[in-house]
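Chain by chain, the residues run as shown.
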Amino acid sequence: MKIQIVIILLFFCSTSIVLAQATYWIDESTDFTGNGCENTDLNNVTSSLKSRLDSDGWTGTRWANRNAWPEDFIEQNNGGIDHRAGDSQTLAVYAGHGNRGLIQFGFRRGGRCTVSFPTNTRLGTQGGDEAAYVMWLTSCTVHLDALARHFAQQVRQVFGYHNSPTIKDNQPNNFYKETDSLSNERAWIEEMEDRPGWFTGDNSPICLTFGADSNECDRTSSNARLRDRRLLSDASPSHTRYCYTMYDNGDSGC
Amino acid sequence: MKLINQNTILIFIIISFLISCNNISQISEYKLGDKIIPYKIGWKTQNEDQILSKLNSLLPLIVDRELIQIVNEKKLLQNVLAPSEIGTWVEVIDNALFIKYDNEYDEIRIINRNREIDKVVKKIDETIALKLSKELLEVFIQNGIIHEQLFFNPTEQIGYKIEGSGSIEMKETQKKITEYRVTYRPRINNIEMINTGIRFGINQNGELCNVRVGGASPEGIWKNGRLISTIQNNDRRIKVSTNDIMSNLYNNKLKDGEINISSSKIVYVIPEGEISAIVEPTLLVSFTESRIIDDLEVISRKRNISYALSSTDIKPVVFDTPETNHQGTKLERK
Chain A
111 MKIQIVIILL FFCSTSIVLA QATYWIDEST DFTGNGCENT DLNNVTSSLK
161 SRLDSDGWTG TRWANRNAWP EDFIEQNNGG IDHRAGDSQT LAVYAGHGNR
211 GLIQFGFRRG GRCTVSFPTN TRLGTQGGDE AAYVMWLTSC TVHLDALARH
261 FAQQVRQVFG YHNSPTIKDN QPNNFYKETD SLSNERAWIE EMEDRPGWFT
311 GDNSPICLTF GADSNECDRT SSNARLRDRR LLSDASPSHT RYCYTMYDNG
361 DSGC
Chain B
5 MKLINQNTIL IFIIISFLIS CNNISQISEY KLGDKIIPYK IGWKTQNEDQ
55 ILSKLNSLLP LIVDRELIQI VNEKKLLQNV LAPSEIGTWV EVIDNALFIK
105 YDNEYDEIRI INRNREIDKV VKKIDETIAL KLSKELLEVF IQNGIIHEQL
155 FFNPTEQIGY KIEGSGSIEM KETQKKITEY RVTYRPRINN IEMINTGIRF
205 GINQNGELCN VRVGGASPEG IWKNGRLIST IQNNDRRIKV STNDIMSNLY
255 NNKLKDGEIN ISSSKIVYVI PEGEISAIVE PTLLVSFTES RIIDDLEVIS
305 RKRNISYALS STDIKPVVFD TPETNHQGTK LERK
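These protein sequence lines map, in sequence, to chains A and B. The opening residue of the first sequence carries number 111 in my numbering; numbering runs sequentially from there. The opening residue of the second sequence carries number 5 in my numbering; numbering runs sequentially from there.
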């Protein structure tokens, strides 16, 4: 009887540990008018993602516009609060504008609109140290010329674009949804190459994966699935290799 | 004087752009007064038999015989018609065959994972990939998967799947093309439709390893290779110059940022949010804006706007329109 109770307790403990890893932090800027960070306003691309994550039992926070702060993605040791924000959850997402190794917010705060990599950002390491997957729904942030600017992150995978993308409202949600069958890498490039219903190949989506060695890199590329909760745990403490897959339709805009 | 100089510079920029950008070349074929024909274009709902029939025609072109046997014996294609969730991928054969039917856009996507990760036995170049794609296009037409007349003279576009790796110290890096991605979009009266097409993924062995096919269909009657529109009062003419549209765009956008045109071409495109619409050719412009923020250059996400050519009174269609009332504009966070 005692053994049965112990087994049941262990089961619940292990289940809660797995569930605890399914967490997210989403910041999104859509309003770029008159807030000290002038740029073109954007459509909302993460609301439906948040709803889907919530309905799948993920827990986390989504902040938009005045409540989405640059310091959320700045390393605690560099004066940011990533330990309570972008680096406090498994999946970190930012949607807005950007450039190579750069993201731009819509509201000026603490004298800044932008966050630069690697200067400001250390996701998956130091303060926080929880992020394992990062999604940059921004222009050019994961341009091939700027891969090295992501090497200070200690995460499993980075999803982004090698060009300036067009992103329809539900695409990040669709990507996540597709990871119950496809690997993250395959789902990302497949979903993000075009606007849904268009055959124009407007985007160059890229998935950048890290590993302690090339085997781990390949294993994560092939097997990590967000929705299926495969390889959701924190990344290895020290990666030495990177690998990437992309659909290259040019780097328009960058 | 200052105004003249600005306009002169602007015209120079536009002319330079028109010359340099291939996508623009299509615009120059049209001039004021030319006839443009509207069609009813929409995404159709297919019944199960129609989808199954198309899948059965497609499979032998992308899947080896042994796998087809498994699919047929176990009737696995039925799973594609009843996915666990609408619009999701179905893993028809574990780690090997993935199929998705998207009923919203009437599209089939198939991934043969075995062929995607196959060892390279021979290495083809881009010319061969394009030649193979043209041959495949013919086969797809012969098998009735795509409409012969619609794809008689399609637009061709090539992209690449690239895989790379290396050490963090950047002491060694590798980068290679693992797949050629060739897209065909149909043309009606020499104007392309962007909501319909076919995309072949051709691996380095020259095999079809993934495919995306389907999309919207135009309504009309084919006669002597031309699609006769069913729309009444379809005598519409180009009344707006594409140069004027581009000038206005530059004039408006140059005020607070620099504009970078990704593409600009006359197309049939279904307006945002519609599943079926009367569509006439419009000028679809895709562009980004760059600005200096915090002393750093920032690039906007790409924007797509389609401009009517038949009247200045028709408002441009802005795709991915931002919400009027943005969320989170009040500080709620502590």
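Worth double-checking, as some hints may not be accurate.
To be verified - Label pairs and their calculated CB-CB ranges:
hint, chain 1, residue 1, chain 2, residue 2, range
1, B, Thr-333, A, Ser-165, 25 to 31 Å
2, A, Asn-187, B, Asp-298, 17 to 23 Å
3, B, Leu-335, A, Ser-165, 25 to 31 Å
4, A, Arg-329, B, Ile-235, 34 to 40 Å
5, B, Gln-178, A, Thr-229, 24 to 30 Å
Said to hold, decoys possible - Heads up, simulated DSS-like pairs for lysine-lysine below, C-alpha to C-alpha not over 27 Å straight-line:
hint, chain 1, residue 1, chain 2, residue 2
6, A, Lys-160, B, Lys-227
7, B, Lys-319, A, Lys-278
8, A, Lys-160, B, Lys-338
9, B, Lys-334, A, Lys-278
10, B, Lys-180, B, Lys-126
11, A, Lys-160, B, Lys-319
Stated by the list, open to error - Now the stretches of chain B that chain A is said to cover, found in silico as 3 or more residues with beta-carbon under 8 Å:
hint, region
12, 152–165
13, 296–310
Bear in mind the hints are in silico, worked out from the structure with no lab data behind them. Glycine included, C-beta positions come from ideal geometry on N, C-alpha and C.
How the hints compare with the structure:
1. At roughly 26 Å, the beta carbons of Thr-333(B) and Ser-165(A) sit within the given window of 25 to 31 Å.
2. At about 21 Å, the CB distance of Asn-187(A) to Asp-298(B) agrees with the hint of 17 to 23 Å.
3. Separated by about 28 Å at the C-beta atoms, Leu-335(B) and Ser-165(A) satisfy the suggested range of 25 to 31 Å.
4. Range check, Arg-329(A) to Ile-235(B): about 55 Å between beta-carbon atoms, so the 34 to 40 Å window is missed.
5. Checked against the hint of 24 to 30 Å, the C-beta distance between Gln-178(B) and Thr-229(A) comes to roughly 28 Å, which is consistent with it.
6. Note on Lys-160(A) and Lys-227(B): the hinted pairing is violated, with a Cα-Cα distance of about 50 Å set against a maximum of 27 Å.
7. As the CA atoms of Lys-319(B) and Lys-278(A) are separated by approximately 21 Å, the hinted pair is consistent with the 27 Å bound.
8. Using a Cα cut-off of 27 Å, the hinted pair Lys-160(A) and Lys-338(B) holds, with the two alpha carbons roughly 21 Å apart.
9. With a CA separation close to 25 Å, the supplied pair Lys-334(B) and Lys-278(A) stays within the 27 Å bound.
10. Between the alpha carbons of Lys-180(B) and Lys-126(B) the distance comes to roughly 14 Å, so the proposed pair stays at or under 27 Å and holds.
11. Straight-line distance between C-alpha atoms of Lys-160(A) and Lys-319(B) comes to about 33 Å, which puts the hinted pair past the 27 Å bound.
12. Counting residues of the region 152–165 of chain B whose CB falls under 8 Å from any CB of chain A gives 4; the rule of at least 3 is met.
13. With 11 residues having a beta carbon nearer than 8 Å to a beta carbon of chain A, the region 296–310 of chain B meets the requirement of three or more and the stated coverage holds.
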